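Assemble the complex: chain H is given as a structure, and chain X must be docked to it using the hints.
So you can see what is in the structure, the chains are spelled out below.
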Amino acid sequence: MVKEQEFLEKKASYCLDLAKKLGATGSSVVVKNSVSETVNFRNKKLDESNRSDDLGISITTYIGKKKSSISSSNLLNDNLNVLIEKCVETTKNTPEDEFNSLPDRDLLAKKVKDLNLYDNTHIENDQKISYLKKLEDAASHDKKIVNTESSFTQNKSNFVLANTEGFCDGYKTSSYTASSVTVAKDEKSMERDYEYSSKCFLKDLDDADELGKLAADQTIRKLSPQKIGSEKIAIIFDKRIAMGMLKTFASAISSSAISRGTSFLKDTVNQKIFSDKINVFDRPDMPKGLGSRNFDSEGVKTDTLKLVDQGILKHYLLDTYNGKKLNLKSNGRCGGTSNLYFENGNINFEDLLNLNSKSLYITETIGHGSNIVTGDYSVGATGFLVENGEFKYPINEITIAGNFKDMFQNITLANDLEFKYATNSPTMLIEGMVVAGK
Amino acid sequence: MSNFFEKSDLSRNEAENIISDTLQKCDDGELYLENSKSETILLDDNKIKNSSYNSDLGFGFRAISGEVVAYSHSNEISKDSLKQSSENLKSTLKSARGSYNHEIPKSNKKYYDNINPIEQKSLKEKIDILNDVNNYLRSKDSNVKQVTANFLGEQKSIEIIRSGGETLSDVRPLIRFNVSVMLEKDGRKESGVYGVGGRQSYDSYLKDDNWKSVCDEALRIATVNLESKPAPAGEMKVVLGPGWPAILIHEAVGHGLEGDFNRKKTSAFHNLMGQRVASEGVTIVDDGTIDNRRGSLTIDDEGTPTEKTVLIENGILKNFMQDRLNARLMNTRSTGSGRRENYRHIVLPRMRNTMMQSGNQTQDEMIRSVDKGIFAVSFGGGQVDITSGKFVFNCTEAYEIVNGKIGSPIKGATLIGDGPSILKEVSMVGNDMMMDPGIGTCGKAGQGVPVGVAQPSILINRMTVGGTKL
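Chains as they are written, first to last, in the numbering used here: chain H, 1 to 438; chain X, 1 to 470.
In short, the hints are calculated from the structure, not lab data.
It is possible that some hints are incorrect.
[To be verified] Below are the DSS-like pairs computed for lysine-lysine, each with C-alpha atoms no more than 25 Å apart in a straight line:
id, chain 1, residue 1, chain 2, residue 2
1, X, Lys37, H, Lys92
2, H, Lys239, H, Lys272
3, H, Lys10, H, Lys111
4, X, Lys79, H, Lys32
[What the hints assert, rightly or not] Over 12 Å on every C-beta distance to chain H, these chain X residues come out as not near it, computed from the model:
id, residue
5, Arg12
6, Ile18
7, Ile77
8, Glu217
9, Glu307
10, Gln357
11, Ile367
All values reported here derive from a predicted model rather than from experimental measurement.
The beta-carbon is built from N, C-alpha and C at its ideal position, and this holds for glycine as well.
Same shape as in the complex, but just chain H (with noise of 0.2 Å):
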């Protein structure tokens, strides 16, 4: 089982005042114990099952504004003795940086809420043999289905971040996640894709049998596809790839990047970066949200942000440290957003489809081709062609290119947004990209 909190704020507080002792003038600490379980099915038997049990302490002394860190999987107090050691020693041998700081005692956060994010149930490996086999049965009725793999995992964690400001909290969380990976074949072409549903509680987890189906039709409709001509054409991105853009968008509004001055956003707050309707919220209190969180890494409380208001950015994603650079103060993003998701637009799925005699919906990307620096965007992709709203014929070994900055611009959401991760998108149309094909 995984470690109880008690264990885990005596290691904690074992550090700081260990730090404390050898020199330090500030310190936090984060413990943290993760326990999962997986089993792994292919072809309709089992093929791997694996336990992990991780645990882990990472240290952060000070010493006026010298800082340096220190991470062990080891918590044995010798072995701790000895990484505090030298970690405090390092912090002396350090240059100074003026914006070094723990974060400011008034930000920190001071009544926990429960989010509902640990559900106690524990799921026996033959239960999940048995969701498993339900999964394969349904993603294998076709014949075209060669090969299938499946995964269930229960993770269940839990940590305390403490530091010298007085600051001492954490709490359990818990994932059920199963996913299904097919590969279709034809006598022209083999090809493979998934499906997946992670909760925080087992039983809101996606049926086994819908899963699995989802999992094969959405393999089967890839097979034969053609390369088509390149051109200027309106791109529709599927859900799970339209998110991909909204983190793109959250690593360029990121303080590292803003204050570095290495983003395509820098200095656009209140400056209209997305088409007018656009709203971008992050909401860090949902319950049972698969990015809930009650405070940042640095212990910071996180209100709801609405990041982007008709179009308008009105917030950047600050932490203590570049907060104090760009003299602002931190909003609790240290580690990133929470659950970050655009609004709804108000047009449904079908009529987006509509909306261009000609579109090409996109359900795959490859590559690594997004530049936070210049906004230039260039991806290997995988999809559809779509005539009159109608899906005609996938479509693969093309590329989609643009820039973000005009991307951002022209996005048209539809209404049919679900928090399935812990970024999620609409479906969303973006016009005027081009398409490299034959």
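Okay, now just chain X, sitting in the frame of chain H:
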């Protein structure tokens, strides 16, 4: 070498007994112990932003019966913890009826020294070099607006204990030095990145003013990009420069030749053994035995000595890369390619240093033969869908070729191709084979491992370039 049982209530003898007892009816398996120490020192925005040290200790216990793998890992090397893991493995493999394969090849060869690079240079020396890097770049060009430079150093000690008590061990040093520079001119920003590394001491790369060449290269790439025009879109001829562009080989054919995907028949290559998969003159090997290279290993993470595996010989597919599990199930032998990121992960067949051998043409001949195309010199990352065979990689330095001459630099673009057919489109192979600078990390199933690549210049007849200019 680490003594994993020194501060534990578990003795080596007791551990061996638990291992032998757990694995008695299994086909294979082992206890893998790992102790790694690593450091990062980062300069960014004119300051030392981060100096951190990590010490990681743990074990992974694996049992295999037939095709089924049971795995359990923990950070606590103790009697209770190993017994709990043993129970987990036994409960998964209740019906195991195999006989343990004790055979594991031996070799005395070593491809790197038993050193701890972190301890070989003081913190002050490392900080001084990073500050020198920052000052050098900022004084060299007034357009430099941002400099990031970092050191990563690591020493990983591993020990493998097999059923019956057979023990294999390795100590692996690894370092990396990276410089990234951002320029701004007339409101336009571009960046350039370069790095070096391998299984050696920091001094092998940073003697005297050696670090300057790394800075110069990052600055050169950024400067070229400041002048870059939008890249073309569509199919055209592509000339790849030598060295790091070999990540094309890694993505296009490397992953597809890993044993697991072929045993499962999910690779686009699974039914092509012995057949032509590349043009004549194309030979590709995966070699773990080159001294001090980033992708080299004395033994793999199952204890098998590494080797030079011929994958494609003169265009014909010859071998897949194998770990013990996939080799046994495919009736062949391990090629010493069983690797894992660390003790938290199961072993998978992985690449080491993947290299295309030299041919006899020159880069100049290739460029002269192209009417319209691109010349790609440097890359960011790549990715492949091993089932459909489609792969991409992202150019970070490229030029257009017009009428046999190198023209303007073009903006970073993604190139996409089809793995099983791309090497048949190789029409010239250069005589200038070069290793990459030692910075590659390959990701598979959530595990990152250090790898190397190498190739000569090559001409590809047809690839799709993902630019914006129609």
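Do the hints match the structure? See the list:
For the suggested pair X:Lys37 and H:Lys92, the alpha carbons sit about 21 Å apart, so the restraint of at most 25 Å is met. Between H:Lys239 and H:Lys272, the direct Cα distance comes to roughly 24 Å. Compliance with the 25 Å bound is thereby established for this hinted pair. Only pairs whose Cα atoms come within 25 Å are accepted, and H:Lys10 paired with H:Lys111 is accepted, the gap being roughly 21 Å. A hinted pair counts as satisfied when its Cα atoms are at most 25 Å apart, and X:Lys79 with H:Lys32 qualifies at roughly 22 Å.
Listed as outside the interface, X:Arg12 is consistent with that label: its C-beta sits roughly 19 Å from the nearest C-beta of chain H, beyond the 12 Å cut-off. Once the 12 Å rule is applied to beta carbons, X:Ile18 is consistent with being away from chain H; the minimum gap is 16 Å. A beta-carbon of chain H is positioned within 12 Å of the beta-carbon of X:Ile77; the least distance is around 9 Å. No Cβ of chain H comes within 12 Å of the Cβ of X:Glu217; the nearest lies about 18 Å off, and the non-interface call holds.
No Cβ of chain H approaches the Cβ of X:Glu307 within 12 Å, the least distance being about 27 Å, so the stated non-interface status holds. Residue-level check passed: X:Gln357 sits 27 Å from the nearest beta carbon of chain H, beyond 12 Å. No Cβ of chain H approaches the Cβ of X:Ile367 within 12 Å, the least distance being about 22 Å, so the stated non-interface status holds.
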